[in-house]
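Chemist: Make a model of the complete structure from these sequences and hints.
In case you want the letters, here they are:
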Amino acid sequence: MNYSYTIWIPLVPLLVFLFTGLAGSRFKPMISGLIGTTGLLVSFLLSLVTAWKFFFVSGLSGGAYSTIIAARTTWLQLTDYLKIDLGVMLDPISVMMLVVITTVSLMVHIYSLGYMKGERGFERFYSFLSLFTFSMLGLVVATNIFQMYIFWELVGVSSYLLIGFYYERPSAVAASKKAFIVTRFADLGFLIGILLLSFYTKTFDFAELTNPQSPVFTTITSTSFMGLSVITWAMLLIFMGGAGKSAMFPLHIWLPDAMEGPTPVSALIHAATMVVAGVYLVARMFPVYIAYTPGALTVIAWVGGFTSLFAAAIACTQFDIKRVLAYSTLSQIGYMMLALGVSGYEGEHGLGYMASMFHLFTHAMFKALLFLGAGSVIHAVHSNFMNEMGGLRKYLPVTHLTFLVACLAISGIPPFAGFFSKDEILVAAWQHNRLLFSMEYLVAGLTAFYMFRLYFGIFWNKTPHYHHTPHESPLTMTLPLVFLALGSAFTGFIPFGSFISADHRPFEPEMHLNIAIPSVLIALAGIFIAFILYRKENPVVARFINILGSFHKVVYNKFYIDEVYLFVTKRILFNLVSRPVAWFDRHIVDGTMNGIARVISFTSEKIKGLQSGQLQHYALAFVSGAIILVLIVLYNLS
Amino acid sequence: MGANVFMFYLFSATILFFALLAVTSRRILRAAVFLLFALVATSGLYFLLQYQFLAGVQLALYAGGIVVLIIFSILLTHHISHKFERPPVMKLFSGLLVAAIGAAVTVFSIADYPFKASAALPIDTDMRVIGLQLMGTGKNGYALPFEVISILLLAAMIGAIVIAKKKN
Amino acid sequence: MIYGIPITHFLIVSTLMFFIGIYGFLTRRNLITMLMSIELILNSVNINFVVFNRYLYPDQLQGHFFALFIIAIAAAEASVAIALIINIYRRYTSIEVDNVNELKH
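Protein chains in written order, with the numbering used here: chain A, 1 to 638; chain B, 1 to 168; chain C, 1 to 105.
Think of the hints as simulated: they come from the structure by calculation, not from any bench. Treat the hints with care, since some could be wrong.
[Said to hold, decoys possible] Computed list of lysine-lysine pairs in DSS-like fashion (alpha-carbon distance at most 30 Å, straight line):
1. A:K570 to A:K558
2. B:K83 to B:K139
3. B:K91 to A:K606
4. A:K117 to A:K177
5. A:K536 to A:K553
6. A:K608 to B:K91
Modeler: As C-alpha cells, this is what we get:
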C-alpha cells in the first residue's frame, strides 16, 4: 500500500502559506482566503482518503494496526547513530489527528471567509492559518521526537502570531507575549526531557522510543538522579512541555488571555487542535510512560483531574463568553490527561487511552462548534460579555440550534458525542481511582451547569437593548456550524475502540450503565439548575453570590493564579535576579565596551592631527620611511 | 686632467649649483631659469657620454618644452615681481635633514659597491641605429613601448585640455 | 674607467641632484616650484640610466631608451600637472600647497 502522497497533507498548507504570505498582498484579500480554503480542502480530502485506506484497506495485520513510515528523509546527521529525520509516520492516532485537524481547520477557514471579511490583514490572517495548519500536521505525523519538537515550536509561533493578530491592541500584544513565554518556558522542560532521553537512548526515533521492549532503555532506567530514575525525570519534563501547550495547571494562565485573538483562531488553535498537542504527546509516548514510569502517569492523572475541576469552577463565574469557553477547554483537556493517566496498556486496560483519544476527537468537534457559535454571536452583537446579550434565539436561529447541540454534547447528554467519550473516561477513572472518579462526576455536573448558564444567558434570559438588531450570520459562517453540529451529534457512534487503542489492537468497550446513568443524571441536574437560574432573570443568582461572598470572589478572580505569577516574576525574580543582572549588564559589560570605545575615540582625537591634509607632511613621512627602510636593510640585516 | 674630465666636473658643478638655486630661490621666475640651466648642463653630460640624440632630446624637450610650459604657467598664476616668504625653519630643517641623510646613505652605498665596467665593444649610437631599434619589433625593438607612450601622450594632451578648460 | 672619470662620480652627481629635488619638494610651498623639483628628480634618474648603460652595458641601448621614454612621460606629466595647477588656481586663486588640504580629517 503506497502512502507516499501523505507528504502533501502538510506540504499543501505550507505552499499556501508561502504563497499568500509572500504574494497575498498583491491580490484582493478574498483571493488569499479562497486559496487557503482550497488548499485546506485538498489536505482534508487527502486525510479522509488516508484514514479510509489506513483503517479499512490496509486494516489489521496480525490483529494490530501497523505503524507505517510513509516518507522519511534525513535532515541532520549529528553522529553515526544520532540523526534528525523529517518524515511522515502513520499510526492510528496520527491518522485520527490528521482528520481532526484538517476537518476543524477547513471549517475555520470557511467560517473565517465570513467572520473576518473586511478586516485589515485578511490575507495575513489566512497565511498564518495555513502556517499553523502546516505546523500542526507536521507535529502529528512526526517520525521522531525531534521533528515533533520542531513543529511544536512552529505551532507555538503561529499561535503567537494569531493571538497577536490585532497587534494595535495592547491587550492582544500582552496576551500573545504571555502565551509565547509561558509555553516557551514549558518547552524548555520538553527540550531538556528530549535531550535526557536521547542522550541515554541514542535515538530520537519513535519506532524505538515507543517500543518498551527496545534495548535502548537499559541505561536510562538503571541511572538514577535525586531519588528518581533518569527516565522518570525525562518523562516528567516531557510532560511539562505537554502541560504547557495543553495549559494544564499551573501553566494554564496563558490560555484564557489567548482569547484576545480572533474567534476562529480560538476555535482552531485554542480549543480543538494545538492545545491538545500535549495530550497527543503523552499519548505518543504512552508505551514508555506505562512501561517505565507509572509514577509519572499518576502525576499526569492528578494534574489532569485537578485542572478539570479547577477550570470548571472558574468557568462558572466568568462573564466573557470566550473565557467561559476557554476555561471549559482547560477542563475538558484535563479530562483527556486524566484518562491517559489512569489508563493501562493491553486490551480492556487500555480503555483510558482510547477514551482520551475519543474525547479529543469529539471535543474537537463540539468545542470548535462552541467557539464558532460564540464567534457568530459576537459578530451579531459586537460584545464578548454575557450580560450584554440575551434573547438571541429569535435573531440567530441557526446559531442557537447548533450551539444547543454543542452544549448537550459537552454536557454528556446521550446520544450526543460527548456522552460516549466522557462515559469511557469515567469508566476508566472508576477502575483506577475512586477519588479521581468522584472529582470527575462533580466536574461533569459543573460542566453542564456552566455550559447551560452560557446557553441560557445568551439565547434566553432578558433581551437587552441592542443598538441595531442582531441578524443571523452569512452562509459561510452557518455552514461550518451546521457541519460541526452534525459531527457533534453523531461522531459518538463511531466504534472508537476498534480503531484506536494503546497497543494498536482493537477491542470492544462495554457500556457501564451503572456509571453512565448517574453521570447523565448529574448533568441533567446541572442543566436544570442553570435553567432555573438563568432562563429568566432571577434574583436568586445575586443572592447566591452574596452568600458565597469571598469564595465567589476568589473563584471569579481565577484563584489569583495570575497575581501569584506576577508576584513571583515581578517582585521576586525581577528584584532578586533581573535587576542585579541588568545592573551588571549596564555598568560592567556596557561599561567595558563604552570604556574601550571612549579610549579609542580619545586616542583618535589626539592623533588625528597627523592627518593634516598637507601634501608635504605626507611626502616627508614617505621619504623618511623609505630611508629608514633602506637603513634597516643595509645595516641591520646584512 | 683631460678635457673630458674637466668638462665633466664643470657640468657637474653647474648642475648641482643651479639645482640648488632652483629649489631655494625666492623668486619663482628665476627658479625656473635656474632649472633650465641645470637641465642644459645635464644634456652636456649626455654629450660627454656620447649619446648625442638623447642630449638633443633633452635640450629640445626639457629646456625647450617643459621649462617653457612652466614659465607660461608661472606667468598665468603669478606676478613676476612676487617674492616668496621664507618657509618656516622647522620645515626647512626637516627637509634638509631627510635629504642629507638620504644622500649620505646613497653616496656611501655607491662608494662601497664595486662596479665592474664592461669591456664589451660600445655600440654605435647614430640616428640609424636608434631609429631602427625604436621602431623594431624583434629583439632590442621598442615598437610596443613607443606606441604605448604615444597613446599616453595623446591621453595626457586631451586630459590636460579637458582639465584646464574653463567650465561654463 | 672610461674617459678617465669613474662611474661613481656620475652616480654621486645624480644622487645629489636627486636629493636636492627631494629637498625642494619637501620645503617649497608653491605647486609650480614643487613641480620643478620633480623635474629635477626625474632628470637625476635619467642620468643614472644613461650612465649605467654606457659604463656597464655599452653594447646595448636599454638605458638610453629608458631615459628617452622617461623624458616623454615627464613631458606628459608636466602638461597634466600644469593643467591641474591652473584649475586649482582658478578655484583657490592661489597655488600654495597649504591651501589644498581638503582631504584632512
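Chemist: Tell me the numbers of any earlier hints that the structure contravenes, in ascending order.
Modeler: 2
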